[in-house]
Amino acid sequence: MHPSTLPLNHWRATCADASGASVVAIDNKIEQAMDLVKSHLMYAVREEVEVLKEQIKELVERNSLLERENALLKSLSNSDQLSQLSTQQANPSSTSQAQTVIAQPPQPTQPPQQPNVSSA
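Following the UniProt record's numbering, the numbering of the sequence shown begins with 1 at its first residue and continues without gaps.
Capping the alpha-carbon separation at 20 Å, the derived lysine to aspartate or glutamate pairs in EDC-like fashion look like this: (1) Lys57 - Glu47; (2) Lys38 - Asp27; (3) Lys38 - Glu48; (4) Lys57 - Glu67; (5) Lys38 - Glu50; (6) Lys57 - Glu69.
Because the hints were derived from the structure by calculation, they are not lab data.
Work out the full structure, taking the sequences as your base and the hints as a guide.
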């Protein structure tokens with residue numbers, strides 16, 4: 001090897017070592033960033049799971065309450081009402097009409113009478 005090329009070869013070796021160390025440092029930074037993203041995602045997923053578990057719990061409780069209410073209403077109703085309900089369930093269009101009728105109170109046929117007040 002020629003003595004004049006020795007510093008150049010040393011510089012190339014130093015650059016190669018430095019770039020190798022640089023690549024390792026970048027790989028480490030990428031790995032740390034990926035770990036950070038992973039931990040944030042896991043945290044978000046855990047939070048969402050807790051919210052969904054709470055919603056499921058509330059829905060199960062509501063369903064249970066509605067089933068008990070349904071059983072009570074069935075026990076308090078007579079057979080004519082139950083058969084009418086079965087008919088409404090078999091014919092969905094009549095169900096919406098029946099709900100509309102139930103939801104709206106009957107309108108008075110005559111306007112209310114005004115009190116007879118005379119002025120003095």
